[in-house]
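Chemist: Line by line, the protein sequences give chains S and R.
Residue 1 is where the first sequence starts when you use this note's numbering, and the numbers rise one by one after that.
Residue 1 is where the second sequence starts when you use this note's numbering, and the numbers rise one by one after that.
No lab work stands behind these hints: they were computed from the structure.
You may find that some hints are simply not true.
Unchecked claim - For each label pair, taking beta carbons as the anchor points, the in silico distance ranges come out as:
1) P39(R) to G89(S): 44 to 52 Å
2) N4(S) to N91(R): 55 to 63 Å
3) R233(R) to K79(S): 45 to 53 Å
4) N269(R) to K76(S): 33 to 41 Å
5) S194(S) to Y77(R): 28 to 36 Å
6) N269(R) to L183(S): 40 to 48 Å
7) S78(S) to A225(R): 37 to 45 Å
Glycine included, C-beta positions come from ideal geometry on N, C-alpha and C.
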Amino acid sequence: MLSNKKLDNISRIVRYNIIKQTYQKKSGHLGGALSCTDLLVNIFNNYLFNNKDNKFILSKGHCALAVYSTLYHAKKLSKKFFYSFATQGSLFGEHPSPKINNKYLNFSTGSLGHGIGFGSGMAYSKKHKNKKGTIFVLASDGEMNSGSVWESALLSSKLNLNNLIVIVDYNKFQATGRSDEILNIKPLNKKWQSFGWDVMECDGNNHKSITSSLKKILRNKDKPKILISHTIKGKGINFMENDNNWHYRSPSREELDQSKIQLGIK
Amino acid sequence: MRNFFAESLYNKIKKKRNIILLSADIGNRLFDKIKKDFPKNFLNCGIAEPNMVTFASGMAKEGFLPVCYTITNFLIYKSIEQIRNDAIYNNNKIILVGTGSGISYNHLGPTHHSLEDIGLLNNLPKIKILSPSDNNDLEEHLVHSLHSDNKQTTYIRIGKKNEPIISKLKPKINKINYVLNRRSKLALIFTGPLFECIAKASKKFKKDNIKIDIINLHQIKPLTASMLRVLARYDFIYTLEEHFPNTGIKSILSSNLSDKKVIIKSINNRNEFVSHLGSRSYVRKKFGISENKIYKIIANDTTKNRDRSR
């Protein structure tokens, strides 16, 4: 396990690389990429890079850039591939392609509401074969609108998939506005509990909180697990935080420079 | 056909334990033998077809060969995006078996009919579409689909019960399969368990000296080059299917043979829901399928053509 200080440091660099790419490529989905950065940095560095039995599924496919940036920082993705993000002919798009040959990119999403069901199929297979390892799924709060999510919630709980953990990037926004104004998903905690899941909440932009919550929830061997991680859309850059325009916007040169200063990148 | 499917799959699971049968709460008692002898190879996913397909794709990723089974319309219409993205696009091979296809559920109305499934899936790249006309066809397609060298997601569209066996000959994959080959310039092509309608019409053709070939098109996608070569030799092709012709085999053959001289016509020309309930033959008739209609359309055309050539 990496120290929280080290993880904080990685998060800063990963965030800056995300912003730089969106500046260079004029691509979107920046707000959601920044909200889940700490979650990704934590999961990959603490549970995936050092354990080949664990697997990761990105359900909120539109934030693939945050995964590329996390992999790139850890040298699990080459500079050439990372810099090819959103360029002509590249497979590294805003949504990942299944043609990418990288063991950390197991499933190409883009349409929401697919990752939990897919992850549960993988988790069930592992149990079926008595194989070790946990399936980590990163989902968005917007996805909680989808019926397919609740279909997989039911099946995973029936099958007692204790080797499945869903991490919700609960940044309280979706494409066009506040999550609770579009379709109120509250109380999310009680909903999942009533579906038979082991639920925990954490501050998803705080490594100390993420690390201790993951440790605690993964110790439980009874049920499928969900970590509802409260995050801030656009986290790390004061003029992006909680401003939903950054769902689609990309930064100007000046905004990139300001971001660099705010993140303390030299 | 569904009983035969259950029996055949039991035998396949016996030999190959990575086959998992997933059902969306259908097939009451049908799979009792599998459940009893191979409980780990059966899973009822509940009435949640999209999740069943996504879940199956996740299992395929981990080395299983999932077979998703339920009534065709629910399996395909509810899950089209999951079939497209999770199975096909992500290269996770699954087998989709739709039961009660076409208007097999003649007493249950249009919500239980599947008259668009071939068209929907034909739109998707890489998928195989198989439409067995009897249990022999089904067996051959199951063997072929479950073979590990075959990496393609496959849809098998089956009937319900009591379909007659057409012929004892082993069906051929990737080839045109004749029920009757008289080297005619006319062909009647059907897909699915429709032979009983054709058999009677066929006797009348013989009596009237109308020479026509009869083809059982149990493989709809891919249509191989050799299959198309055989079909391109005809002057007239008549199609018969429990499916809307505007997206079914009529349309698929027309687009594949558009640069050939062959004229393609559908016996069943209705593209509307069939709301009236009744016996299978009654509902078929409402949809535009009857032995009389088959006979009349083809006999009329043949007489006209004979008159013209005189």
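Chemist: Taking the numbered hints from earlier one at a time, note which ones the structure violates and give those numbers from smallest to largest.
Modeler: Structure breaks hints 2, 3 and 4.
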